[in-house]
Structure formats: structure tokens, C-alpha cells
Amino acid sequence: MLLIPCPICGIRPEAEFTYAGEAHIARPAEPASLDDHAWGEFLYARTNPKGDHAERWRHTHGCGRFFNAVRNTHTDRFITSYLAGTARPHGTPSAASPDAPAMRNDTEQWGQA
Amino acid sequence: MSLRFSFDGRSYLGEPGDTLASALLANGVRLLGRSFKYHRPRGLLAAGSEEPNALVEVDRGYGARTPNLRATQVEVYDGLVARSQNRFPSLGFDLQAVNDLAAPLLSAGFYYKTFMAPRGAWAKLYEPLIRRAAGLGRAPDVADPDHYASRYAHCDVLVIGSGPAGLAAAVAASAGGARVILCDEQPRFGGSLLADRSARIDGLAAPDWVAAQVGVLASRPEVTLLTRTTAFGWYPDNMVGLAQRLTDHLPEPDPTLPRERLWQVRAKQVVIAAGAIERPLVFPGNDRPGVMLADAARTFAVRYNAAPGQRAVIATTSDTAYRAALDLQACGVEVALIADARLRADGPLPAAARAAGIRVETGMRVLATRGRRGIRVAIMGRIDLDGRVRNREWVRCSLLGMSGGWTPSLHLFSQSRGELRFDPASETFLPGASAAAERSAGSCRGVHGLDDALADGAMAGSAAAHDSGFDAALPAPCHVEGAAQAGWTSPVPARRKQRRAFVDFQNDVTSKDLLLATQEGFHSIEHVKRYTTTGMATDQGKTSNMNALSIVAAELGRPVPAVGLTTFRPPYTPVTFGTLAGYSRGVLFDPVRTTPVHGWAAAHKAVFEDVGLWKRARYFPRGDEDMHQAVARECRTVRSAVGLFDASTLGKIEIIGADAAEFMNRMYVNAWTKLAPGRCRYGLMLGENGFLMDDGVAGRLAPDRFHVTTTTGGAPRVLAQMEDYLQTEWPELQVWLTSVTEQWAVLAVQGPRARDVLAPLVDGMDIEAAAMPHMSVAVGSIVGVPMRLFRVSFTGELGFEVNVPAGHAQAVWEAVHARVEALGGCVYGTEAMHVLRAEKGYIIVGQESDGTATLGDLGLGWAIAKAKRDFVGKRSLDRADMTAVGRRQLVGLLTADPACVLDEGAQLTEAAAAPVGTRSLGHVTSSYGEATLGHSIALAMLADGRARLGETVYAQRPEGAMPVRVVDPVFLDPKGVRLNA
Ligand SMILES: [Zn+2]
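Each protein sequence line maps, in turn, to chains S and F. Note that the first sequence ends on residue 113 in my numbering; no numbers are left out. Note that the second sequence ends on residue 981 in my numbering; no numbers are left out.
Any given hint could turn out to be false.
Between beta-carbon pairs, the in silico distance windows are [claimed, not checked]: (1) G861/F x E30/S: 18 to 26 Å; (2) W862/F x G40/S: 23 to 31 Å; (3) T538/F x E14/S: 44 to 52 Å; (4) P760/F x G40/S: 52 to 60 Å; (5) V783/F x E30/S: 25 to 33 Å; (6) R88/S x R585/F: 39 to 47 Å; (7) H61/S x P236/F: 14 to 22 Å.
Residues of chain S placed beyond 12 Å of chain F at every Cβ, according to the derived structure [what the hints assert, rightly or not]: (8) T47; (9) N48; (10) N68; (11) P89.
Because the hints were derived from the structure by calculation, they are not lab data. It should be emphasised that the depicted structure is a prediction, and the values quoted were computed from it without experimental measurement. Glycine included, each C-beta is placed from N, C-alpha and C at the ideal position.
Start from the sequences and build out the full structure, keeping to the hints where you can.
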């Protein structure tokens with residue numbers, strides 16, 4: 001079972017969380033201004049990388065908050081996590097690198113965000 | 001003290017500490033099973049959990065019958081009842097052994113080649129035949145009477161395996177106070193040391209040294225010692241699954257004890273000390289009972305005092321078999337010959353064997369074996385470079401100990417996603433780079449020899465403790481004397497063109513099958529595996545995978561790593577379903593949600609149905625009514641008088657805050673801004689893709705407060721979608737969401753007399769139509785209990801939904817029920833509710849809609865507040881396909897035969913005849929028999945349905961097509977006179 005770093009609660013087991021898809025896909029402020037293609041892209045197009053992936057999780061059976069995390073889809077390891085609405089932290093390895101460093105096994109790193 | 005046990009109905013005596021395998025060997029029983037495919041007689045190959053042949057069934061006698069246990073792991077207790085498997089009618093005389101004569105028909109890929117035609121014959125003919133002929137054990141035929149436990153544990157260092165490396169690791173790791181768990185699959189710690197009769201460690205005989213180390217570990221409070229515990233699987237982030245067997249070895253276990261326990265251990269660091277498994281040699285007749293791994297023979301003789309034969313031949317390609325020969329000789333077995341396939345054998349062990357007077361021949365192999373139910377003769381010989389056999393010699397023997405070298409156990413390391421590295425010198429794979437917080441120690445990483453393994457284990461244990469944050473000085477090295485210094489020598493490849501030389505004993509795969517597979521073009525080991533089934537049996541190829549790989553690689557002329565290694569998957573050895581299920585059985589399998597009125601409903605003979613996790617009262621039969629009669633009566637009573645229904649399972653969300661109405665506007669298609677407090681609206685929620693997601697009535701209690709209901713099943717999904725938008729898209733909105741599903745019980749009072757039921761109970765509230773019209777909400781009290789009263793209807797009748805705090809629900813229910821009864825009404829269940837709403841054309845989300853239905857499709861387009869700038873899903877409504885011609889639309893159907901009740905899901909077609917390939921026009925979504933209208937009704941989603949009103953289409957049924965007339969989905973009171981009464 002994966003360990004997932006909630007930016008509010010710290011590292012908790014996977015069973016407490018719900019996956020919520022790719023992160024940083026903001027809902028257009030004026031959906032009516034988008035043509036069908038652009039709206040379709042918003043609804044359905046995702047990057048699906050092999051490597052680092054910024055994605056949304058919800059700590060459903062914990063604090064209840066949605067947050068963002070960078071997880072490597074190749075190694076299935078979490079690189080970092082951060083509050084919803086904040087930008088992807090600088091310095092997280094690019095999606096091209098399949099061998100991201102392992103998550104450190106201490107809660108302090110995630111304790112306060 | 002001897003233990004009496006039975007095998008195949010015959011009684012034997014064993015000794016404490018015996019396994020079924022050792023006890024049977026000691027009793028001279030060599031035939032323990034029949035092979036999977038050819039039903040060849042089989043004996044023991046191994047002494048440990050890797051045993052592929054000796055699978056037995058143990059019968060506890062109270063319904064607890066466990067098949068496919070390895071006799072090498074079954075501990076003998078007084079009264080043990082065990083049986084062999086896969087034989088008919090008896091082990092000694094097996095009719096299906098004719099399969100062995102038909103072997104040419106059962107070669108590699110026979111599943112694929114033989115059973116192709118005719119179509120349909122597989123399911124009817126071949127599969128049952130094969131299953132009867134070939135299956136392994138019999139599945140138990142009653143529910144498992146035992147119970148099982150499970151537990152989570154955290155530790156600093158988990159040590160897997162308690163041979164020399166594992167024991168040394170556990171002692172070193174725990175020295176500084178780290179929490180250490182040591183587990184071993186055997187009943188005792190010690191691993192290979194338990195069968196070591198010559199080594200002395202720090203002046204102690206090996207078993208005594210083991211006892212001393214276990215004593216040290218037991219004295220440390222942070223150490224957990226688990227015997228009979230298999231580390232069967234590695235899961236992400238250093239979670240390891242352990243299966244602990246608690247009672248299988250006890251003659252009369254306390255029935256309150258769990259039989260097995262699942263441990264899910266989260267370890268900061270893991271030391272894998274899983275050891276190595278000896279590799280069989282591949283020669284014709286290598287599966288004959290009496291042919292076994294050399295070290296297994298030694299283990300039976302030394303550890304269990306069970307002679308595996310009187311006269312032995314040892315065939316080897318490595319030095320360790322010489323130690324087996326010496327130990328067997330010391331235990332009284334006559335060793336007639338050591339045949340070493342290598343051309344030279346000069347190490348200390350061969351020298352010791354020669355000094356002990358054992359005949360040693362180099363360059364000699366086994367050519368074949370003879371003997372009917374066990375080996376009687378080994379045919380030995382040398383093979384020239386040109387392939388000619390010289391020096392053929394028949395050697396009489398009852399034991400043939402073979403050794404093709406050792407295979408490190410990489411299962412857990414590989415499951416942890418560590419990289420495997422091929423070592424050409426030993427022709428083995430070894431652990432390479434780690435991907436998890438683990439390290440391997442001892443022979444599972446190619447470190448053999450007792451002193452090296454002890455030192456390797458100690459180093460690994462202390463490093464693991466250090467990496468989990470503990471001081472861990474490396475302990476002083478052990479002083480080892482008398483240990484066999486076995487060379488780790490290269491296996492000699494098997495000969496080509498051998499007949500019936502077994503590679504995978506459990507799945508009956510021969511070297512010939514592997515060669516055939518390569519000739520037929522299977523060049524990846526993963527493909528060869530699936531084609532020949534090598535390594536796919538319950539032993540997962542522990543003794544066969546490397547031999548298969550070597551043979552395929554040699555045949556293809558490619559290096560072993562280029563052919564690849566099959567993936568290691570959990571479990572290491574089979575784990576019972578009981579262990580995996582743990583406590584999650586019966587009533588604990590899933591949580592059960594009941595409403596506050598559940599007890600009352602049960603006492604009033606409600607028949608319940610499962611709706612998600614909820615138990616809902618489906619109908620309340622009176623006398624000997626069947627379901628149809630009860631439902632029809634309940635429906636008629638609601639239409640003519642009044643009915644009471646428990647709607648407490650409805651999802652309820654309280655939405656409060658200054659921006660509550662704005663939030664509602666964005667989440668629902670409806671207009672909420674102008675909805676006055678005290679009024680309700682039928683809310684419809686879309687996904688961003690524009691399709692209907694959920695529906696429910698929302699009441700505005702105050703300008704900043706809404707009481708929203710959802711479908712029973714949709715509540716978590718709706719709340720999650722609301723939270724998602726609120727937290728991540730519109731965090732600036734001042735809105736708070738609270739699930740109040742469990743807090744409010746809901747009593748639906750529906751029917752023409754509904755107002756008469758409630759009027760005397762509502763503590764003076766005015767509930768007349770003028771004060772409380774349809775779709776209104778008021779706060780008040782009922783029989784003194786706080787209440788939110790909704791005037792809503794899901795039946796088409798005058799109706800109220802009484803919301804009261806769950807803790808008071810039963811008292812209110814009883815008071816309302818008494819009034820209902822007094823006015824000629826009755827209680828009704830979900831089935832009547834379904835019929836009543838269908839008569840009125842009300843949809844159920846997930847029944848009429850399926851995630852691809854728009855509001856337009858469902859005839860609900862009127863609800864959309866088109867003037868709103870935006871709401872979730874709005875933009876998608878403008879996509880062309882969402883309004884395209886040909887979309888399926890909600891309609892009613894009337895069958896030509898009014899008594900006919902269509903199947904839900906029945907396909908609708910243009911014509912009665914519907915040959916294969918006919919296009920479906922739609923399908924029936926809801927269908928009910930006659931209740932109050934005098935005929936059956938159905939709802940359907942039909943292509944361009946609203947343009948087809950009055951037309952006839954056909955509903956397909958197994959009995960033949962039924963003509964149906966397309967009608968408006970509202971069968972009852974289309975003007976809403978009853979609703980607004
Ligand atoms: Zn949290």
C-alpha cells in the first residue's frame with residue numbers, strides 16, 4: 001500500500017485517499033468563449049506521461065482536502081505534494097526523468113505546507 | 001512419545017518435529033502423489049516449501065479440509081488425517097496413468113492445439129474432461145469453519161528468514177533497541193543450521209548456537225519472533241505481507257484461536273535472508289520416486305532422522321552434494337557412487353568424500369533411471385564430445401540425490417522492484433540495485449559458506465538498524481569450525497534430445513516440451529512459460545525456472561539474460577483465502593447501513609433489499625401475500641388513502657454561507673437566486689461533460705441555508721463533486737458543506753389523506769395547501785420533536801416528507817403510523833415506491849439514465865435556467881452531439897398484452913423479427929406489472945422517442961417479440977391535480 005504525503009496531515013496510507021486526475025487543469029473562466037475543440041481538450045485531453053506527473057488527490061478519510069502531488073508514474077513514488085491552488089514547486093524533476101528520487105520517510109518534510 | 005497419523009487411510013507413527021514428508025519417509029512410504037498431466041507416480045523432490053510433487057489434503061474432520069498443502073510443510077500431530085491427491089481410484093493404481101502412454105498427444109501447447117474445434121466444444125466437452133482428469137486438489141465443499149485474524153504492524157527492521165544470515169541480522173539489528181520482527185516459514189528458527197551436523201559456531205553445535213541466538217532475541221523487548229510465518233508478498237513503500245499459521249500444527253486447537261493471521265508489516269528497513277533453493281538435474285526419469293535433491297536427502301537424514309533410502313547414488317555438478325553424501329553416509333546410508341558431471345572435482349569436500357571411501361567419478365552423468373514405483377537402478381555413463389555414450393553402468397540404488405547447483409531466492413527482492421543481475425560464473429541471477437529500503441544477505445545474494453553468511457547477515461542487520469535511526473555497532477564475527485566450504489561451481493548444461501526429462505515437476509513440463517516451444521518460434525521466456533506452462537504451477541517454478549531458462553537459452557544460442565527471466569509475483573507460497581479475508585467475512589464483509597426505523601420494519605416483517613450498503617424495506621407482506629400481491633396492495637392504498645415510507649436513506653447535504661445561492665447556481669442547472677426561503681426546487685446536477693449526474697429536491701430554509709437531497713447511492717459522489725469545485729475552483733466562495741444524511745430521518749407520507757395524517761400531529765402548524773403548497777418547506781415540530789417538513793411527492797400524490805432527528809425517528813414513526821392505520825393507510829416499501837414513481841413518469845438516476853443521458857433525452861430540459869451565464873456542464877450542452885437527431889429519449893411503453901411484464905434491459909426493434917445484426921432502437925429501463933392502472937407499464941429510452949408517440953415497436957424477449965405502443969412516460973394524472981391537492 002502506497003504512503004501518500006498529505007500537505008496538511010503528513011504521510012498516510014493510500015486507503016485514506018481518493019485519486020482525482022491530473023492537476024493544474026483550471027476550469028476556463030468563460031466556458032462559453034471556448035470553441036468545441038478547446039472545450040473538448042479541457043474535458044478529455046490529459047498528458048499521461050511516463051515519469052513525473054502532477055496530479056490531484058483528496059484526503060477523503062482524513063482532512064477532506066483536495067491537494068496536488070507530483071508522483072512518478074514509472075516508479076510509483078511521490079516526489080512532493082502541495083496545497084491546491086499553489087503552483088508546482090520549482091525543482092521537481094521534469095516528466096522526462098523516469099528515475100526520480102524516492103520520497104524521504106519522515107513526516108516533518110510534509111508537516112507544514 | 002510417538003504420534004499416530006494416517007495417510008490415505010493407513011495408520012503410521014511419527015515423532016515430534018516431523019513433517020508429514022519426513023514421517024512418511026521414515027515409514028518407508030515413497031509414493032506421495034501423481035503428477036498433474038501424466039499421472040506419473042511421484043515422491044518427494046525437496047524438503048522445504050519448494051516441494052512440487054507431494055501435495056496433500058489435510059482433513060480436520062469438521063469441514064476444515066485444506067487441499068494442496070506441501071507434505072514438507074505439514075507438521076505431524078497426533079490424529080493428523082492426510083490424503084494424497086490427483087489419483088483415481090488409488091495412489092498405487094491410477095487409471096489415468098494411461099495419460100503417460102498418450103504423452104505424445106499432451107506435448108507443449110496441447111491446450112492450444114488440440115482443443116480448438118468444433119466451436120463450443122471447449123466449454124461443454126474439453127474443459128470438464130481436462131478438469132476431471134488433471135485438477136490438483138479438491139476444493140472444499142462447505143464454508144470454511146475456521147476463523148482468521150489480521151493485524152498491522154510497524155517496525156524498524158523486518159528480517160525475513162532465520163538461517164545463519166537472518167539470525168545474525170536480527171541479533172545485530174536489535175542490539176541497539178530497534179523494533180525488529182524476525183519471521184520464518186518453518187516451525188523453528190535456524191534454517192539450514194537445523195540440518196548441520198558438523199559445524200560449530202562460537203564453540204556450540206549449530207542447533208545449540210541457534211537456540212542461544214533465539215534466547216538473546218527473545219530477551220529483547222522490542223523484538224517480535226514469528227515462526228510458521230511466510231513473508232509472501234512485497235507491496236509499495238516497504239509493506240510486506242506475512243501469513244502466520246497458528247493452529248494447523250496443533251492436535252486439538254482451541255476453537256477460539258484464529259487458524260491463521262495476516263500481518264501487514266510496514267518496515268523502515270527490510271533484510272531479506274531468504275536463502276537458496278537447490279536446482280534439480282534434468283535427465284530422463286528424474287521424476288521417479290527416490291530421486292530427490294541431494295540436500296533434501298541430507299536434511300531428511302540429519303534433521304529428521306528419516307533415511308530417504310538404503311543405497312544412494314549422488315549425481316552432481318557442484319561441491320555441496322559431497323557434503324550430502326558424507327552426511328548420508330554418517331547417518332547409515334550406503335553411498336554407492338558420487339557421479340560428478342564436471343571433469344574435475346578437487347575441492348575440500350570431494351577430497352573428504354574420497355577420504356571417506358566413497359567412490360567418486362568425474363565426467364559422469366545419469367543417463368536414465370529404472371524402477372516401477374520408485375528408483376531401483378540408475379544408469380550412469382560418460383558422454384563423448386561427439387555425443388556417444390561410454391562406460392555405461394547400471395547402479396542399483398533406492399535413492400538418487402541430485403544437485404545442479406543453487407538458485408538464490410529472489411522472489412521478494414524482485415517483487416520490491418529491485419533489479420536482477422546475472423552472474424555468469426554461477427549461472428544465477430543475483431540481487432542488483434535496490435528500489436526499496438531493503439538489503440539481501442546470505443545465500444539469497446550468492447554469499448554461501450557458513451562464516452561468510454553469518455558475517456553478511458550481521459553486516460546487513462547492523463546497516464539496516466543504522467538506516468532506521470539506531471546505533472548499531474557491528475558485532476564481533478562468529479568463530480566457525482567444521483563448516484563445509486562448498487565451491488559454487490558452474491552447472492553443466494543438460495543434454496539435448498533427451499526423452500521425458502522433467503523440468504517443471506508440478507506441471508509436468510519436460511525438456512522436450514521446451515525445445516518444441518523454441519522450435520515453434522517462442523523465443524522469449526515469458527512466451528515459453530505460457531505456451532508450455534513451465535513455472536505456472538502452485539510452486540511458481542521454484543525448482544524449475546532456472547533450468548527452463550538455461551535450456552531455452554542454450555537451444556537459442558543466446559545468453560541467459562537475453563532470454564529473460566519471468567516475473568516474480570506474490571504469493572511466495574499459496575496463501576489461504578481465509579487469511580486474506582481475515583475478519584471481513586459474513587456480516588463484517590461490508591459495513592451495513594440501517595435507518596433508524598430498521599428495527600420497526602424488521603419487527604413488521606419487512607422484506608429487505610440491499611441498496612449500496614443500505615438495507616431498505618422492499619415490501620411488507622401481509623398474511624401469505626407474495627411480493628406482487630403485497631406491492632399491488634401497497635400501491636393501491638397509497639393512491640386511494642395514504643402510505644408511509646421510510647426515505648431516510650436519501651442523501652442530505654446542508655449548504656450554508658453567504659454565497660450558498662451562488663454556489664447552488666453554479667452546481668445545479670436550475671435557477672436558485674429567486675427561490676424564496678420556504679420553497680423547494682427539483683435540482684438537477686450535471687457532470688462537466690453535460691450528462692445527468694444526480695437529482696434531488698433542495699429546500700431553501702433561509703437566504704444563506706439550503707437543505708439539499710441526493711439519490712441514496714449518489715450522496716458521496718455529489719458531496720465530493722461539490723467539495724472539489726468549492727475547494728479547487730471557487731475557494732473564494734463563502735460556503736460550507738455538511739453531510740447530514742445520518743442526522744435526519746425521513747418519513748414520506750403520501751396519498752390523498754396525507755394532510756389528514758399529519759395535521760393533528762404537527763403541533764399547530766398550518767399545512768393546508770395555501771400555507772404549504774407543493775414544493776414548499778417549513779420548520780416546526782411534530783409530536784414535540786423538531787422537524788423540517790417538506791411538501792414534496794415522489795408518487796404523484798399529495799405528499800409530505802417529515803425530516804426529524806434520527807434519534808427521535810422511531811417515536812415519530814410510530815405516532816405517524818398509528819394515524820396512517822387509522823385512516824385506512826399502510827406502510828409501503830421501495831418496490832411500491834418504484835412502481836408509483838414510474839406510473840407518474842419520474843426517473844431514477846442510474847436506472848433511466850446511464851451516464852450518457854442528457855436532460856433533453858430525459859424530458860427534463862425545462863429545468864435548465866438557460867439565462868445563467870455558467871454552471872457545471874453548461875458548455876457541454878452546446879456540443880453538436882448533445883442535441884443530435886437519433887438520441888434515445890425517455891418514453892412510456894404499453895404492451896399489446898396488458899399482462900405482459902417486459903424484462904428491464906429488453907432491446908427495442910423496428911420489426912418483430914430481429915436476426916443477428918439488427919440495430920437496436922433502445923431498451924427498456926423500468927418495467928412493472930399491473931398495480932393501480934389495470935395494465936403493466938414500462939419506461940424506455942428510445943431513439944427519437946418523442947417523435948414516435950403512438951407508434952408500435954417491438955420488445956425482444958426469449959419467448960418472442962412483444963409489440964409495444966410508444967406513449968408519454970407520464971401514465972397517471974398528467975395535469976398534476978392529485979399532486980397539488
Ligand atoms: Zn489530510
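Verification of the hints:
Distance hint check for G861/F and E30/S: the Cβ-Cβ separation is about 23 Å, which falls inside the suggested range of 18 to 26 Å. The hint said 23 to 31 Å for the Cβ distance between W862/F and G40/S, and at roughly 27 Å that hint holds. Evaluation of the 44 to 52 Å hint for T538/F and E14/S yields a failure: the beta carbon distance comes to about 29 Å. The hinted window of 52 to 60 Å between P760/F and G40/S holds, with their beta carbons roughly 58 Å apart.
A C-beta distance of roughly 52 Å is found between V783/F and E30/S, which places it outside the suggested range of 25 to 33 Å. The supplied range of 39 to 47 Å is met by R88/S and R585/F, whose beta-carbon atoms lie about 45 Å from each other. Taking the beta carbon of each, H61/S and P236/F are about 18 Å apart, inside 14 to 22 Å as hinted. Annotated as non-interface, T47/S keeps its C-beta farther than 12 Å from every C-beta of chain F; the closest such distance is 18 Å.
At the 12 Å boundary, the C-beta of N48/S stays outside the reach of chain F, the nearest C-beta of that chain being 19 Å off. Against the 12 Å criterion, N68/S falls within the reach of chain F, whose nearest CB is about 9 Å from its own CB. The beta carbon of P89/S is kept farther than 12 Å from every beta carbon of chain F, the shortest such distance being approximately 18 Å.
The structure is inconsistent with the numbered hints 3, 5 and 10, although it conforms to all the rest.
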